[in-house]
Amino acid sequence: MSLSRTKRISSSSSVRSSGGSRRLSGFGAPGGFSGVSLSSSSLYNNGHHHHPGLAAPLASLSVNKSLLAPLNLEIDPSLSMSRAHEKEQIKSLNNRFASFIDKVRFLEQQNKMLETKLELLQGQGVGRSNVEPMFEAYMAGLRRQMDLVNNDKTKLDGELRNMQGLVEDYKHKYEEEINKRNNLENDFVILKKDVDSAYLVKADLEDKVGALTDEINFLRNVYEEELRELQASIKDTSVVVQMDNSRSLNMEQIVSEVKAQYEEIAARSREEAEAWYKSKMSVQASQFGDELRVVKGEVAEVNRLIGRLQSEIEAVKAQNQLAEAEERGELAVKEAKARTRDLEDALQRAKQDMARQLREYQDLMNLKLALDIEIATYRKLLEGEEDSPTMTQKTDFYIVYLGIFILCSHSGSSPSSTSRPFPTTVSNLSSILLRARHPGN
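The opening position of the sequence shown corresponds to residue 1 in the working numbering, with each subsequent residue numbered one higher.
Just to be clear, a hint being listed does not mean it is correct.
Claimed, not checked - Restraint-style ranges between C-beta atoms, simulated for each label pair:
(1) E335 <-> R220: 23 to 29 Å
(2) G289 <-> N186: 42 to 48 Å
(3) G210 <-> D345: 16 to 22 Å
(4) R96 <-> R143: 37 to 43 Å
(5) N303 <-> Q231: 42 to 48 Å
(6) R339 <-> R268: 37 to 43 Å
(7) D363 <-> V222: 19 to 25 Å
Claimed, not checked - DSS-like, lysine-lysine: derived pairs with alpha carbons at most 27 Å apart:
(8) K208 <-> K193
(9) K280 <-> K368
(10) K296 <-> K192
None of these hints come from the bench; they were simulated from the model. Virtual Cβ for every residue (Gly too), placed ideally from N, Cα, C.
Generate coordinates for the entire structure from the input sequences, incorporating the hints supplied.
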């Protein structure tokens, strides 16, 4: 600890006479007490006896007044109490030192008075008397008192230096604790903000996971319901055929072969379509399930991150760790947003693929139904021709299915077949049947 100012108080006194002179001098130093030395000169002039034991007056003293000034430090109550106690001790030591100085001055004045009396007696021409041994004894007592004062001064100097060292150590410790406290408070605030943001991210991700799960379940239920409705509509489809006339023609073998062929084609197409649809659905479901597990894993990771951050708040509370945690939280938020956008895009693509698959499946089922209807129609036609072989036939029949209108007519030996619109497979089947009935054409 450095002291701001040092004041010096010096006092000097001297007594000069024709008989001799004595001087007591001391030099003070900042931050400590002055050393005192005694010297004596001859008490008599012009051949008189010298008395070396007679003490000289104090020449100069230095007192460090800054030791009495209180230290202006911002410390906690416990340190303030300890420092106040130390200052009281220093004040008491300074007061003792001041009392010793006053005592020395008083003794100096007494010494000057005795010197004056001695000079007066010497001027009167009085011979040696018993007064000189008395003065010497008195001066010896004063010297002993001065030695005691010097010893006390040395001891007080040591105590003062120790106190100053303790005060300096306490000051450094207090400043370090204040800095640590401020740093820890800042770390706590930053960690609290990071934990709050991580909790918000966790809640947001949980909400998104729940919404995506509900949407996937809803879409799965919708697709299953549409599939059931489509199968039910296919099952309940009926064909109305009106036949005016028919003729007998033996085409059972041809019809059975065509029927078997197209039934096999339809069954295979249906199985392939259903297998492809189910495989596609399983792939999509597994993909969404994997993405859902990934999102749940991310949510669990965020939960673990929150727990780790809370443990860091309780244990370390370090600024660097807080900055890293804040960056990780921002990256987690960005990754979660990117993952959410990817999931939304994947869901949209899945919807589009599902709609396309449903359209393809519907087209295949329409084709199969059309083939079944045409086979049934020609079966009825052949059965009618077998029942009335000699009549002039004219057959008109209409097929209406899912917006498809088919008109087939036959009169005499000029058969005709008209269909609009109908797949190419049905037209080919009509051509085969007509060639079978009229080989010459």
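### Message
Let me make sure I understand: some of the numbered hints might not hold for this structure. Which ones are they, in numerical order?
### Response
Per hint list: single violation, 4.
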